[in-house]
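Residue numbers (this note's numbering), protein chains in the order written: chain A, 1 to 329; chain B, 330 to 710.
In short, the hints are calculated from the structure, not lab data.
Just the calculated beta-carbon pair ranges, DEER-fashion:
id, chain 1, residue 1, chain 2, residue 2, range
1, A, A269, B, D508, 46 to 54 Å
2, A, L105, B, D399, 51 to 59 Å
3, A, Q265, B, R635, 32 to 40 Å
4, A, R202, B, E555, 49 to 57 Å
5, B, D464, A, R258, 31 to 39 Å
6, A, L5, B, P463, 46 to 54 Å
7, B, R552, A, R258, 52 to 60 Å
8, A, G6, B, D591, 30 to 38 Å
Here a beta-carbon is modelled for each residue, glycine too, at the ideal position from N, C-alpha and C.
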Amino acid sequence: MDFELGEEQRAIGEAVAALLAKHAGWERAATLAREGACDFALDRALGDAGFLEVATSGETGLLEAALVVEAVAHAAGAVAAGASVLAVPAALGRALPGPVALVDLAHPGPVRFASDAGTLVVLEGDAARTVPLASGAIPRLETPYGYPMGRLPERLARGGDDLGSGAGARLRDAWRAALAAELAGTMRGALEATLGYLKERRQFGRPLASFQAVQHRLAACAVQVEAARWLAFEAAAQGAPAEGAAVAATYAAGAAKRVFAETHQLSGAIGYTREHPLHVFSMRLQALRLELGGAAEHARAAARARWGAGSGTSEEGMRDAAARQAAAR
Amino acid sequence: MEFDWSPEDAAFRRALAAFLEQALPPDWDELAKDGPGSAVQAAFARDFCPALAERGLLVPHWPAAYGGRDASPWQHAILGEELWSRGEPRGPQYMNVNWIGPALMRFGSEAQKNAHLPRIARGEVFWCQGFSEPDAGSDLLALRTLAVRDGSDYVVNGSKLWTSYANHADFCFLLARSDPASRRQRGLSVLLVPMDLPGIEVREVPSVVGERYFHEVVFRDVRVPEGARLGAEGEGWEVVGYALQYERVGAPRYARAARTLDRLAERLAAAGAPPSDEVLARIGEARALCEAGRVLSYRVVDRRARGEPPSADTNVARVAGTFAEQWVADLALELGGPEGLEAGSFADAQFRMAMTAGVAVGATEVQLDLIASRFLGLPRE
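One chain only, chain A, in its complex shape (with noise of 0.2 Å):
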C-alpha cells in the first residue's frame, strides 16, 4: 500500500497538466459545448504525446490511465478520455481511431461522444462490437448536458467486428473505473468553482463561505470527492476488477447527485449562468451518472461481483479479475 505519486506519475501529471493549460479549460469547454463539439485539437493532442498508450505501455498501467482521465475531467476537456486513455485500451490492450464513443445496447439512449466518433464501440451482453463511422455519420444531438452526444442508429447497432468473447464483460468493467474517474475529476471541478465563488462573495457583511451551515455542506461535498477519486484510482490500479470497478463507479454516481444538488444550491443564481465555470461541470455530471444505467445498475454489478447474489457468476468474475489484476501488472 502506498498513496503517494511515485516519479513517473508525476511526470505524467506534469505532462497532461501542461497539455490541458494549452487545450482545456472551462471557458473552452462552455463554447465547445454551445457547439455540442468534441474537442479535435485536444483529442489529437493527448493522442500525440503519447497518453493512449499510457494503460497498455507496460511501464504504466490503468492506474496512471485513470490519472489522466480524472485530470482531463478536472480541466473540464471534452474529449472521450474515459473511453480511448482508459477502458478501450485496459479492455481491448489497444487503442482504438477516435474519437471512441462507447455503447452499451442494454442502457438505450443519447451516446457521449457519439455524433463526433471515429470508431464506435457496442457492448451488447458479453459480446462487443466496433464499427468504423465517417464523419457525420450520426448527427448532433442538442443537448444542455455539456458533451457531444448522439443517438445510435439502428443499422450500427448489429454491424462491426466482433471482439471476441468476453469482451462486452471486460469493456464494462474498464468503462465503469473510467466513468469512475471522470465522475470524480468533475466533481472535484464543480467543488472548486464552487469553493473560489464563496470565499469571494460577501453576503451579510462576511463571505458566504464563513457561514458553518454552508462549511458543513462544502466539508461533505468534499469527504465525497476524495472518496470517489481514491476509489477510481484504486480499482484502476486493481485492473478494473469487476467488483471494485462497479463499486468506484456506484460511489462516484451517488455522489454526483448530491455534489451536483449543493453547488448549486450553495452557489446562488451565478451558478445557472454561462460565465460562471460551474455549469460546465455540474451539467455533465449529469450525463456521467445515469451512464451505463446509473447508480443502481452499478450497485447491482457490485452486490453480485461480491456476493455472486442471483446471478450465480460470483466465482467466474473473481477469477476474471485476479487475471485481469496480473495482466494489469
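Chain A is fixed; fit chain B onto it per the hints.
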C-alpha cells in the same frame, strides 16, 4: 502508488484471521452483542489480549523496545479491521493499542513508559478516557475538572461524563485544568490516574446503546502524584490532539459495517428467493459506502507509514466511516424487518453499536468544522 498488500502484511492478516478462527468461541456473536464495555466482553478480553500478545498480535506495530516488532502501521490497521469488525474481542483494550500507547511513547517520561507500556503490550491493563464533561462535550475546551498543585501532588476535583469502560479501567487518561485561572486550550494537563485512588466514584449512566456503555466518573479531592502527569504542565491539549488523530481512525467503523453487510447478504441468500433488483442495488450501494470509508482511512494510515504529521485527512476518513456504519445499520434493520426489534437480534446488535458513530470521538459536525478549516481553508465563522 500501490494498492496491493505487501506479502508481509497479507501474511499477517492471514495469521491473525487463522488465530481468530480458533480463538473466538462459536457463540462469540452472542457474547459480543452488548459491545466492548459489557462485563462478558471485558472478562473475555482478560484472557484474549494476553493470548494475542503471546503470539505477537497485540502490538506488532510498536517498537521492539516496548514489546512490539516494529511492524508497519498497515499491520496496526489490519489488526483494527479484523478485530473491530468482529465486535472487538479486545474489549476496551483496543484503545490502549490505538492511541494510549502511542501517546505514552510520544510524551511519556522513561519512568512512565516503563510503568505502562509493558503492561499494555502484555494485554493485562484496561484504560478509560477522561475527556468529556457535563458542560464540555463538542466544546471540549470548556472543561472544568481541576487538577490543582499541592506540594508534589495534584488534587483533582470534577466530573467526567460518557466515559466508556470506566467500570473496568485500571487507569484513566484524564484531561484536566491544571491552571485554575486558565481558559480554553491553555493550562490543561493530562494525568495518568490509577482508578483505585481514594475519592474516585464511577456511576453508570443507563442508556439504550448497550450494557454499561456510559459512565460518569466523579473526582473528589483525588490526590494524584506529579509523576503521573503526561507531557509538560499546561501542554495537555497538544497531547490530546495527538491522541485524537490516532483515535479517530482507530476503530475502523467501515470494516465493521462491511462485515455486517457481508453477513446481511449471506442471510438474504439463505432466506431462499434471490434478492430483488431493488435489494441488490441497496446492498451494492452500501458496499460502496463502506469501501469509501476504507480507502479514506487507508490514506491516513499511508501518511503515518511515511512518517508525515497527521492532517485533516483523518477527519475526512472519520466522516465517511461514520456514514457507512450508520447506513449499513439502517439497512440491516430495514431489510430484516420487525425481527430486528428483538434484543440481541442480528440487526439490533448492529444498529445499537452504530447509533453512537456520529457522536463518539467528536461529533460529525466537529469533524466537518475541521475539514472546512484545515482541508478546504475556509475562514472561521
